[in-house]
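Protein chains in written order, with my numbering: chain A, 1 to 86; chain G, 1 to 86; chain D, 1 to 86; chain E, 1 to 86; chain P, 1 to 86.
Simulated from the structure, these hints should not be mistaken for laboratory data. Fair warning: this is a prediction, and the values are worked out from it, not measured in the lab. Using N, Cα and C, we set each Cβ at its ideal position, and we do this for glycine too. Among the hints, a few may not be true.
Not close to chain E: a few residues of chain G, all C-beta gaps over 10 Å, as computed [to be verified]:
hint : residue
1    : V11
2    : K15
3    : G21
4    : T30
5    : I44
6    : G47
7    : A60
8    : K65
9    : D71
10   : I77
11   : P82
12   : N83
13   : E86
Derived pair list, reagent style DSS-like, types lysine-lysine, alpha-carbon separation capped at 25 Å [stated by the list, open to error]:
hint : chain 1 : residue 1 : chain 2 : residue 2
14   : P       : K85       : E       : K5
15   : P       : K65       : D       : K85
16   : D       : K85       : P       : K35
17   : E       : K65       : P       : K85
18   : G       : K5        : G       : K23
19   : D       : K35       : D       : K5
20   : D       : K35       : A       : K35
21   : G       : K35       : E       : K35
22   : G       : K35       : P       : K35
23   : E       : K35       : G       : K5
24   : D       : K85       : D       : K5
25   : P       : K85       : P       : K23
26   : D       : K23       : D       : K35
27   : G       : K65       : A       : K5
28   : G       : K85       : G       : K23
29   : A       : K65       : D       : K23
30   : A       : K35       : A       : K85
31   : G       : K35       : A       : K65
32   : A       : K85       : D       : K65
33   : E       : K85       : G       : K5
34   : D       : K85       : D       : K35
35   : A       : K5        : G       : K5
36   : P       : K85       : E       : K23
37   : E       : K5        : G       : K23
38   : D       : K35       : G       : K35
39   : D       : K23       : D       : K85
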Amino acid sequence: MIIGKVISNVVSTRKYEGLQGYKFLVIQPTYGSNKDYIVAADEIGAGIGELVLVSQGSPAQFALKRNAPIDAVVVGIIDSEPNIKE
Amino acid sequence: MIIGKVISNVVSTRKYEGLQGYKFLVIQPTYGSNKDYIVAADEIGAGIGELVLVSQGSPAQFALKRNAPIDAVVVGIIDSEPNIKE
Amino acid sequence: MIIGKVISNVVSTRKYEGLQGYKFLVIQPTYGSNKDYIVAADEIGAGIGELVLVSQGSPAQFALKRNAPIDAVVVGIIDSEPNIKE
Amino acid sequence: MIIGKVISNVVSTRKYEGLQGYKFLVIQPTYGSNKDYIVAADEIGAGIGELVLVSQGSPAQFALKRNAPIDAVVVGIIDSEPNIKE
Amino acid sequence: MIIGKVISNVVSTRKYEGLQGYKFLVIQPTYGSNKDYIVAADEIGAGIGELVLVSQGSPAQFALKRNAPIDAVVVGIIDSEPNIKE
Chain A
1 MIIGKVISNV
11 VSTRKYEGLQ
21 GYKFLVIQPT
31 YGSNKDYIVA
41 ADEIGAGIGE
51 LVLVSQGSPA
61 QFALKRNAPI
71 DAVVVGIIDS
81 EPNIKE
Chain G
1 MIIGKVISNV
11 VSTRKYEGLQ
21 GYKFLVIQPT
31 YGSNKDYIVA
41 ADEIGAGIGE
51 LVLVSQGSPA
61 QFALKRNAPI
71 DAVVVGIIDS
81 EPNIKE
Chain D
1 MIIGKVISNV
11 VSTRKYEGLQ
21 GYKFLVIQPT
31 YGSNKDYIVA
41 ADEIGAGIGE
51 LVLVSQGSPA
61 QFALKRNAPI
71 DAVVVGIIDS
81 EPNIKE
Chain E
1 MIIGKVISNV
11 VSTRKYEGLQ
21 GYKFLVIQPT
31 YGSNKDYIVA
41 ADEIGAGIGE
51 LVLVSQGSPA
61 QFALKRNAPI
71 DAVVVGIIDS
81 EPNIKE
Chain P
1 MIIGKVISNV
11 VSTRKYEGLQ
21 GYKFLVIQPT
31 YGSNKDYIVA
41 ADEIGAGIGE
51 LVLVSQGSPA
61 QFALKRNAPI
71 DAVVVGIIDS
81 EPNIKE
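The shape of chain A in the complex, shown without the other chains:
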């Protein structure tokens, strides 16, 4: 998983039907040099600015009620910043 900050919502009206009902968030990795944005489905209710845990790839399917073409999911909200000195 990676730790990232919720930056924005993403709205898509014309989308694959398996994506209906999901909320999608733009997440930016918080630590390290790779700051490339990830769009993740969220059913936990993370808010803009919160630190979250994002799971990617096939394992992310296990957070969904039914299989869908979603490759990243918010699986947790971080309680407090981990002790990372950069």
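With chain A's structure known, arrange chains G, D, E and P on it following the hints.
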């Protein structure tokens, strides 16, 4: 998923038979430092210049009618640019 | 797999229920130029500062008792630093 | 998928038996900043210098007659260079 | 797959039981700009300094006798350096 812009079509006449009938688009990630092009199958009908949501890896299979050796699929067209300040 | 050092714990109270009971660690790759942090589940009992072997993606599921949306797992603790001259 | 150019053959006599009978090609991505070589199985008959479409990861299995430890496959030969201005 | 050179062994006594009996090697990609080390399971018997073919992700499972949390496997030993001019 990543957010990218549709740049071009890709035409391949000699291809694996499981790819017949799909339209393939070259997508460039819109945000972040990684601007490397991805070729994704599209059945939604995204046009050149549109912002789309691309799902990659095994989960992308769930957007296909039958399994195929396709590792990226356009799963949505973005309504408006998300609020990302770079 | 990659070799990394355990940097910190990560605590998440509001999380997907399939993640209950797992301990999550922030791991930093030890060798090479990519030093981007990975959050991995740990059931072996790795401590802060230890060198560990982390497996990523779908194969990491085979270290779990039941499927969960976890994309990285600590699968071993390294006995001694491998002979890598950088 | 990515678009790449066929650079060379790769010959391996001592190999896992599931790889017997496949031809392996070194492919270099044509566009973008990541030019790192990929070795892909080819059953389409791509020649040195041709532009090809490469599918990676688990989805590549759907181009194989039987499952094998192959993580990249040439799935198509590109008719003409796509309209990408770099 | 990627082509890499065998750099070192890795020994882990405290490890997930599904990893018992495997030999693990540190591999460095030989060509391209990404030189980040990969730890791969080896059952072919590759020696330090040899050029090998490494398969990553879920497809690597097809080289194993039973499923295990292993995300990279040495699937072949390269006969001679491919014709890559860097």
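Okay, the hints, checked on the actual structure:
At roughly 5 Å from the closest C-beta of chain E, the C-beta of V11 of chain G falls inside 10 Å, breaking its exclusion from the interface. With a cut of 10 Å on Cβ distances, K15 of chain G falls inside the contact zone with chain E, its closest approach being about 3 Å. For G21 of chain G, the condition that its CB be more than 10 Å from all CB atoms of chain E holds, with the nearest at approximately 13 Å. Taking the minimum C-beta to C-beta distance to chain E, about 14 Å, the non-interface status of T30 of chain G holds against the 10 Å cut.
Distance check for I44 of chain G against chain E: the nearest CB is about 17 Å away, which clears 10 Å, and the non-interface claim stands. At roughly 14 Å from the closest C-beta of chain E, the C-beta of G47 of chain G stays outside 10 Å, upholding its exclusion from the interface. A cut-off of 10 Å between C-beta atoms contradicts the statement that A60 of chain G is not in contact with chain E; the least separation is 7 Å. The beta carbon of K65 of chain G is kept farther than 10 Å from every beta carbon of chain E, the shortest such distance being approximately 13 Å.
Not every C-beta of chain E lies more than 10 Å from that of D71 of chain G, the closest at about 4 Å, which undercuts listing it as non-interface. I77 of chain G, annotated as away from the interface, keeps every beta carbon of chain E farther than 10 Å; the closest lies near 20 Å. At the 10 Å boundary, the C-beta of P82 of chain G stays outside the reach of chain E, the nearest C-beta of that chain being 23 Å off. Interface exclusion of N83 of chain G from chain E stands, the closest Cβ pair being 26 Å apart, more than 10 Å.
With a minimum CB-CB distance of about 17 Å to chain E, E86 of chain G clears the 10 Å threshold, and the non-interface call stands. Between K85 of chain P and K5 of chain E, the direct Cα distance comes to roughly 13 Å. Compliance with the 25 Å bound is thereby established for this hinted pair. In summary, the hint linking K65 of chain P to K85 of chain D is not supported, as the alpha carbons are separated by about 33 Å, beyond the 25 Å threshold. Taking the CA atoms of K85 of chain D and K35 of chain P, the gap is near 13 Å; set against the 25 Å cutoff, the hint holds.
For the suggested pair K65 of chain E and K85 of chain P, the alpha carbons sit about 33 Å apart, so the restraint of at most 25 Å is broken. A hinted pair counts as satisfied when its Cα atoms are at most 25 Å apart, and K5 of chain G with K23 of chain G qualifies at roughly 16 Å. Under the criterion of a C-alpha separation no larger than 25 Å, the hint pairing K35 of chain D with K5 of chain D is consistent with the structure, at around 10 Å. With a C-alpha separation of about 13 Å, the suggested pairing of K35 of chain D with K35 of chain A holds against the 25 Å cut-off.
A C-alpha spacing of about 13 Å is found between K35 of chain G and K35 of chain E, which places the hinted pair at or below 25 Å, so the restraint holds. Simply put, K35 of chain G and K35 of chain P have alpha-carbon atoms about 20 Å apart, close enough for the 25 Å limit, and the pair holds. A threshold of 25 Å between alpha carbons decides the hint, and for K35 of chain E with K5 of chain G the separation of about 21 Å falls inside it, so the pair holds. For the hint linking K85 of chain D to K5 of chain D, the alpha-carbon distance of about 17 Å falls within 25 Å, and the restraint holds.
Restraint check for K85 of chain P and K23 of chain P: not satisfied, since their Cα atoms lie roughly 32 Å apart, outside the 25 Å limit. A C-alpha spacing of about 22 Å is found between K23 of chain D and K35 of chain D, which places the hinted pair at or below 25 Å, so the restraint holds. Between K65 of chain G and K5 of chain A the alpha-carbon distance is near 34 Å, which puts this suggested pair outside the 25 Å criterion. A distance of roughly 32 Å separates the Cα atoms of K85 of chain G and K23 of chain G; the hinted pair therefore is violated under the 25 Å criterion.
At roughly 24 Å between alpha-carbon atoms, K65 of chain A and K23 of chain D fall within 25 Å of each other, so this suggested pair holds. Between K35 of chain A and K85 of chain A the CA atoms are separated by roughly 17 Å; this keeps the pair inside 25 Å, and the hint holds. Distance restraint check for K35 of chain G and K65 of chain A: the Cα-Cα separation of roughly 33 Å exceeds the 25 Å cut-off, and the hinted pair is therefore not satisfied. Note on K85 of chain A and K65 of chain D: the hinted pairing is violated, with a Cα-Cα distance of about 33 Å set against a maximum of 25 Å.
Between K85 of chain E and K5 of chain G the CA atoms are separated by roughly 13 Å; this keeps the pair inside 25 Å, and the hint holds. The straight-line distance between the Cα atoms of K85 of chain D and K35 of chain D is roughly 17 Å, inside the 25 Å bound, and the hint therefore holds. Under the criterion of a C-alpha separation no larger than 25 Å, the hint pairing K5 of chain A with K5 of chain G is consistent with the structure, at around 23 Å. Proposed proximity of K85 of chain P and K23 of chain E is supported: the alpha carbons are some 21 Å apart, at most 25 Å.
Taken as a hint, the K5 of chain E and K23 of chain G pair is honoured in the structure, with Cα atoms around 21 Å apart against an allowance of 25 Å. Proposed proximity of K35 of chain D and K35 of chain G is supported: the alpha carbons are some 20 Å apart, at most 25 Å. Annotation: proposed proximity of K23 of chain D to K85 of chain D is violated, straight-line Cα distance about 32 Å (limit 25 Å).
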